[in-house]
Amino acid sequence: MTDYTNYLARQVMLGKMNRREFMGRAAAFGVTLAAAGTMFDTAAKAQEPKRGGHLKLGLEGAAATDSKDPAKSLSQFTFVMGRNWGDMLVESEPLTGAPVPALAESWEPSADAATWTFKIRQGVKFHDGKELTVDDVVKTLQRHTDEKSESGALGVMKSIKEIKADGGNLVLVLTEGNADLPLLLTDYHLVIQPNGGLNDPNAMIGTGPYKVTSFEPGVRATFEKNADDWRTDRGYVDTIEMIAMNDATARIAALSSGQVHYINRVDPKTVDLLKRAPTVEILNTSGRGHYVFIMHCDTAPFDNNDLRMALKYSMDRETMVQKILGGYGKVGNDFPINETYALFPEGIEQRTYDPDKAAFHYKKSGHSGPVLLRTSDVAFPGAVDAAVLYQESAKKAGIEIEVKREPGDGYWSNVWNVQPFSTSYWGGRPTQDQMYSTAYLSTADWNDTRFKREDFDKILLEARSELDEAKRKEMYRTMAMMVRDEGGLILPMFNDFVNAGSKKMKGYVHDIGNDMSNGYIATRVWLEG
Amino acid sequence: MTGGGSTRDPAATMAGVAGSDPQLSVAAGTDASKGNQSLNTATSNDQGALSPWGKFVRKSPLAALILQRLALSVALLFAVSIMIFGGVEALPGDFATTYLGQSATPQAVANIRKDLGLDQPATTRYFQWLGGALQGDFGNSWASRNSVSEQIGKRLGNSLFLAFFAAIISIPLAIGLGMLAVQFRDRLVDKVINVISLAAISLPEFFVGYLLILFFAVQMGVATFPATVYDSMGLTERLSAIALPTATLVLVVLAHMMRMTRAAILNVMSSAYVETAELKGLSGLRIIARHAAPNAVAPVINVVALNLAYLVVGVVVVEVVFVYPGMGQYMVDAVTVRDMPVVQACGLIFAAFYIFLNMVADILAIVANPRLRHPR
Numbered sequence: 001m002t003d004y005t006n007y008l009a010r011q012v013m014l015g016k017m018n019r020r021e022f023m024g025r026a027a028a029f030g031v032t033l034a035a036a037g038t039m040f041d042t043a044a045k046a047q048e049p050k051r052g053g054h055l056k057l058g059l060e061g062a063a064a065t066d067s068k069d070p071a072k073s074l075s076q077f078t079f080v081m082g083r084n085w086g087d088m089l090v091e092s093e094p095l096t097g098a099p100v101p102a103l104a105e106s107w108e109p110s111a112d113a114a115t116w117t118f119k120i121r122q123g124v125k126f127h128d129g130k131e132l133t134v135d136d137v138v139k140t141l142q143r144h145t146d147e148k149s150e151s152g153a154l155g156v157m158k159s160i161k162e163i164k165a166d167g168g169n170l171v172l173v174l175t176e177g178n179a180d181l182p183l184l185l186t187d188y189h190l191v192i193q194p195n196g197g198l199n200d201p202n203a204m205i206g207t208g209p210y211k212v213t214s215f216e217p218g219v220r221a222t223f224e225k226n227a228d229d230w231r232t233d234r235g236y237v238d239t240i241e242m243i244a245m246n247d248a249t250a251r252i253a254a255l256s257s258g259q260v261h262y263i264n265r266v267d268p269k270t271v272d273l274l275k276r277a278p279t280v281e282i283l284n285t286s287g288r289g290h291y292v293f294i295m296h297c298d299t300a301p302f303d304n305n306d307l308r309m310a311l312k313y314s315m316d317r318e319t320m321v322q323k324i325l326g327g328y329g330k331v332g333n334d335f336p337i338n339e340t341y342a343l344f345p346e347g348i349e350q351r352t353y354d355p356d357k358a359a360f361h362y363k364k365s366g367h368s369g370p371v372l373l374r375t376s377d378v379a380f381p382g383a384v385d386a387a388v389l390y391q392e393s394a395k396k397a398g399i400e401i402e403v404k405r406e407p408g409d410g411y412w413s414n415v416w417n418v419q420p421f422s423t424s425y426w427g428g429r430p431t432q433d434q435m436y437s438t439a440y441l442s443t444a445d446w447n448d449t450r451f452k453r454e455d456f457d458k459i460l461l462e463a464r465s466e467l468d469e470a471k472r473k474e475m476y477r478t479m480a481m482m483v484r485d486e487g488g489l490i491l492p493m494f495n496d497f498v499n500a501g502s503k504k505m506k507g508y509v510h511d512i513g514n515d516m517s518n519g520y521i522a523t524r525v526w527l528e529g
Numbered sequence: 001m002t003g004g005g006s007t008r009d010p011a012a013t014m015a016g017v018a019g020s021d022p023q024l025s026v027a028a029g030t031d032a033s034k035g036n037q038s039l040n041t042a043t044s045n046d047q048g049a050l051s052p053w054g055k056f057v058r059k060s061p062l063a064a065l066i067l068q069r070l071a072l073s074v075a076l077l078f079a080v081s082i083m084i085f086g087g088v089e090a091l092p093g094d095f096a097t098t099y100l101g102q103s104a105t106p107q108a109v110a111n112i113r114k115d116l117g118l119d120q121p122a123t124t125r126y127f128q129w130l131g132g133a134l135q136g137d138f139g140n141s142w143a144s145r146n147s148v149s150e151q152i153g154k155r156l157g158n159s160l161f162l163a164f165f166a167a168i169i170s171i172p173l174a175i176g177l178g179m180l181a182v183q184f185r186d187r188l189v190d191k192v193i194n195v196i197s198l199a200a201i202s203l204p205e206f207f208v209g210y211l212l213i214l215f216f217a218v219q220m221g222v223a224t225f226p227a228t229v230y231d232s233m234g235l236t237e238r239l240s241a242i243a244l245p246t247a248t249l250v251l252v253v254l255a256h257m258m259r260m261t262r263a264a265i266l267n268v269m270s271s272a273y274v275e276t277a278e279l280k281g282l283s284g285l286r287i288i289a290r291h292a293a294p295n296a297v298a299p300v301i302n303v304v305a306l307n308l309a310y311l312v313v314g315v316v317v318v319e320v321v322f323v324y325p326g327m328g329q330y331m332v333d334a335v336t337v338r339d340m341p342v343v344q345a346c347g348l349i350f351a352a353f354y355i356f357l358n359m360v361a362d363i364l365a366i367v368a369n370p371r372l373r374h375p376r
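Same order as they appear, the protein sequences are chains X and Y. Sequential numbering from 1 applies to the first sequence in full-length UniProt numbering. Sequential numbering from 1 applies to the second sequence in full-length UniProt numbering.
Just so you know, not all the hints are guaranteed correct.
With a straight-line cut-off of 27 Å between C-alpha atoms, the simulated DSSO-like cross-links for lysine-lysine are [what the hints assert, rightly or not]:
| no. | chain 1 | residue 1 | chain 2 | residue 2 |
| --- | --- | --- | --- | --- |
| 1 | Y | Lys114 | X | Lys148 |
| 2 | Y | Lys154 | X | Lys211 |
| 3 | X | Lys225 | X | Lys452 |
| 4 | X | Lys130 | X | Lys269 |
| 5 | X | Lys158 | X | Lys473 |
| 6 | X | Lys395 | X | Lys323 |
| 7 | X | Lys130 | X | Lys211 |
| 8 | X | Lys161 | Y | Lys114 |
| 9 | X | Lys357 | X | Lys330 |
| 10 | X | Lys452 | X | Lys364 |
| 11 | Y | Lys114 | X | Lys158 |
| 12 | X | Lys148 | X | Lys161 |
Hint data in this document are derived by calculation from the structure and do not stem from the laboratory. Keep in mind that this is a model prediction, so the values were computed, not measured.
The following block holds chain X by itself, in its conformation from the complex (with noise of 0.2 Å):
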């Protein structure tokens, strides 16, 4: 048992195991849960970050049209880069998802959660040297709620009608209760800028811990550590080079070249060839994004539960995840939340490939002739592939199905959340009434199923204000079922976030929040040797 056990705490030391990993295992293996948090912790020391050193970077996802203001940060590049030089009032704890203070330091909200009093962090320096107040607080959200904003972070921010300043605390008055406020706030458009970022949205300067030394959108950004960091646990090389790297194979070869030592975005096709260069480590994180099949609840002939059932039973989940994600990914159940949210509601029987259950529903939905499906190489890398595949399985279950594969140009205008059966992603949301309010509310603009239920949207709004974890993970479980048994939503797989690194690269945390360590990936890693 102790060369077990010690066998997982040199992995920890090595870096290949994260907490979450190691105590999973060593509580598998019968080790306590505290005795296994000491082992951990002494383990992780021996590991003690080395500061300095010059971090590189490739990066998928710049334009030339990327946007200095943070409101406007669209792309994957302009995100890593936002978490770079500036901070949110409120962290996500990066294995749990729990809210975790940041540039508020602590926080609570009235019985009925429509009141919130964040207490904001004294003593911390703008880049520019000017301390944070509580009003460039109440700028900057209030520059995201403005009715002309055009910040990404528009819908999250819908819900507070009011935002106040109350001697060093911030008060956020809600038009009703939400229990998650403060990990809306953790939204990576929300960066707390000098007076709101208001005199010059795009000056780039925030509390984080980096500076900007130069940027060419579309090119390379450069940073350089903030010596006046309001934190220590973070930041530990000196200088950070972002490059864009658009090509798949550039970024491969730049890692395997030893020129960066990140990229992101592996496609999972190439993946087991870059295994094999002998200084490269795949970095994969599961997510919450996830890859779905469509279809519109109140279009005929989609309006047949039955149908939808078999289509449903159709789906050949562990297929799609083996040849779509090349394994890296989880199957989907049917609803659009999986264990890496908090409250996920434990224990609904997983969907399987079953096409005599497809057939019996086809049969009883009494629909004849081919199902169309709308796809586009855009939906999701592979989405062509993966419709091709569903129109065998389903063939198997007496479902003809046609594709039909549209230009990629304007897919998410003109077929996306317009016709009855298509394909489509989504990326994860901070909570799951976050990803229940965004895609599956009657009201919501991106409720891509046209899953309108006012039973749904009654237990979505109380579930929303309820403070009392037990009764709200209930709730979850109940709507888990209605959008799995009754909505327009197949959902085959959540894909892995899969990225890789130089082993001379230390600390890399296996973030469940988004992709690249939820964009913090240069701020937590260390150089060795």
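For this one, chain X is given, so just place chain Y on it according to the hints.
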């Protein structure tokens, strides 16, 4: 604006060189024929009463031609700007929806449209843009809100830098190899040069790029990769960064120019005066360089001009593979989100380069050929 394949196809241009009359071979060059025509129309003027323009044409036909060509270029650029505008308008989705992509909310879309004046009719927007452009103001990028001229300045500089080095290596090399191939025609040297250059032109440029990266950057580790260049970079660093993309471009354009040179010279080699030169006892290379090459220069100039244009406007793929921040990638990014001011400015610059290089090629062809200089 050349789509790689068709304009770089040597067979298309070479077919015209088959005739032995030098005049014919000039007409075969892509744009030389147009130069010829416009010259003819200009001369037809002076048959009646001599207008001031007619006098000018008679006095200095070359200058008249250049002036005519310049006026035509402006009209062409104007037409190009309308076509680009119409093209981008015809694409599905406007800037607001494509920029925000799947994450667009109706309010954010409406805010952006209002802010940029996208709610106005297309003709109004076009003339607003044209008004600015005529005063030299290309406006700001809709996406990044930075000045287009400033951004393009940098990107164009990078593109020209790469194109310049690719050109000064490839052009002398191509012409030299072409002459060499003629000298040793149908012998081993000629065949080796032919096979290698054909192989290089047959491989797609991204594949050539990947091969170079694989061998020189990943396996041997001698070359710099990625080829990202930036402001604070020294010249030597910059040169080492562009070594691989330059090599790729040289390989891609070399064969076309080399084979054209070879064909054009071979064509001249069969004429009587070359035979005379041989009978005089001149050495093979001297005949080629001194007597044959100058008479074969017109088609070669045309091919060189086409390839130069390609080096500036057609290297998007090479830019992407080598992560080189040139104009091509900039324009592709802008088209993806329908960033009209950037697309317009890039399109006009590309068109201007194309027109300019073709004009230079025509003029040089005329200068090189006395018969075209003094039309009957």
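Here's how the hints hold up against the structure:
no. : hint                : in the structure
1   : Y/Lys114 - X/Lys148 : holds, 9 Å
2   : Y/Lys154 - X/Lys211 : holds, 23 Å
3   : X/Lys225 - X/Lys452 : violated, 50 Å
4   : X/Lys130 - X/Lys269 : violated, 49 Å
5   : X/Lys158 - X/Lys473 : holds, 24 Å
6   : X/Lys395 - X/Lys323 : holds, 18 Å
7   : X/Lys130 - X/Lys211 : holds, 14 Å
8   : X/Lys161 - Y/Lys114 : holds, 24 Å
9   : X/Lys357 - X/Lys330 : holds, 23 Å
10  : X/Lys452 - X/Lys364 : holds, 23 Å
11  : Y/Lys114 - X/Lys158 : holds, 20 Å
12  : X/Lys148 - X/Lys161 : holds, 16 Å
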